[in-house]
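**Q** Letter by letter, the chains look like this.
Protein chains: 2
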Amino acid sequence: MAHPDDGLDGAEGFRVMQEPLPQPMRIYVCTTCRAEGDASDGPRAGTRLFDALKAADAALDLVPVECLSVCKRACTVSFAATGKWTYVYGDLPAEAAVPVIREAARLYAEAPDGLIPWKLRPDAIKKGVVARIPPLPIEISRP
Amino acid sequence: MAHPDDGLDGAEGFRVMQEPLPQPMRIYVCTTCRAEGDASDGPRAGTRLFDALKAADAALDLVPVECLSVCKRACTVSFAATGKWTYVYGDLPAEAAVPVIREAARLYAEAPDGLIPWKLRPDAIKKGVVARIPPLPIEISRP
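These protein sequence lines map, in sequence, to chains A and B. Its first residue numbered 215, the first sequence is counted upward by one per residue in my numbering. Its first residue numbered 215, the second sequence is counted upward by one per residue in my numbering.
Hints in this document: simulated from the structure, not taken from any laboratory. Hints may be right or wrong, so weigh each one.
A pair counts as met if it fits within one copy or between any two copies, since identical chains are not told apart.
Restricting the straight-line Cα-Cα distance to at most 30 angstroms, the calculated cross-link-like pairs of lysine-lysine (DSS-like) are [unchecked claim]: (1) Lys268 to Lys298; (2) Lys268 to Lys340; (3) Lys298 to Lys341; (4) Lys286 to Lys340; (5) Lys298 to Lys340.
Taking the hints into account, I'd like the entire structure generated from these sequences.
**A** And the structure:
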């Protein structure tokens with residue numbers, strides 16, 4: 215049996231094809247996350263991750279957050295976009311997580327519902343998942 | 215120092231007073247969550263929790279979800295509302311969690327930003343927090 219969170223829609227396990235829309239997505243980064251070995255007078259692992267992501271890709275919509283309440287699994291980020299599933303990932307190795315976060319963000323942006331197909335998910339994203347939350351209904355208004 | 219997630223806004227630790235608006239909130243309940251001791255041929259703990267919440271309060275906007283990806287901390291629920299912080303809670307004791315979820319939901323609905331003041335949070339909600347995610351910006355349109 216497929217895992218319920220396998221990035222597939224429908225009982226038969228196939229995805230309804232649709233044009234991926236360029237949905238704006240946001241990445242929340244917990245800047246309070248502290249890693250083992252962090253110097254008490256230096257920037258925390260979460261802050262270092264935020265700064266490294268910002269330096270690596272100016273196109274990312276990065277928002278620093280004081281505590282995502284996942285304190286035992288630093289570093290932590292969340293992907294969110296209107297109409298998509300929200301994901302929270304932890305156990306990320308600060309600066310070293312930049313490439314995997316960028317790759318996962320690209321896949322998330324491409325997925326119409328935010329569900330990245332299981333096989334495409336980087337290992338750190340498979341193992342680091344903390345939670346996922348369905349999208350709230352969107353009110354569609356026509357001008 | 216106050217914990218960053220203490221339900222207070224502002225550097226001085228006071229909440230800007232405003233009329234609480236009756237915001238519609240939604241409760242997602244993971245119906246796949248399995249508890250130790252669940253009979254293999256009976257309903258899972260998550261499904262029992264969903265059914266018990268539904269029976270207890272017809273006014274709740276309950277949505278069953280196949281997997282919130284918090285499989286190691288059954289049972290699991292999430293509170294969400296447009297413009298409010300999203301919360302994910304785990305370690306909930308199936309049917310026995312109904313009163314605490316109803317109380318926390320009432321407090322969440324009353325909180326303009328979804329942040330329940332720390333002192334008012336039921337213990338199971340303090341200890342069971344899995345993650346919190348800030349609200350996405352709301353587009354305000356005037357007809």
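**Q** Please go over all the hints and tell whether each is borne out by the structure.
**A** Evaluated hints:
no.: 1; hint: Lys268 to Lys298; result: both (23 angstroms within a copy, 25 angstroms between copies)
no.: 2; hint: Lys268 to Lys340; result: within (23 angstroms within a copy, 32 angstroms between copies)
no.: 3; hint: Lys298 to Lys341; result: both (21 angstroms within a copy, 28 angstroms between copies)
no.: 4; hint: Lys286 to Lys340; result: both (18 angstroms within a copy, 14 angstroms between copies)
no.: 5; hint: Lys298 to Lys340; result: both (18 angstroms within a copy, 27 angstroms between copies)
Hint compliance for this structure: every hint is met.
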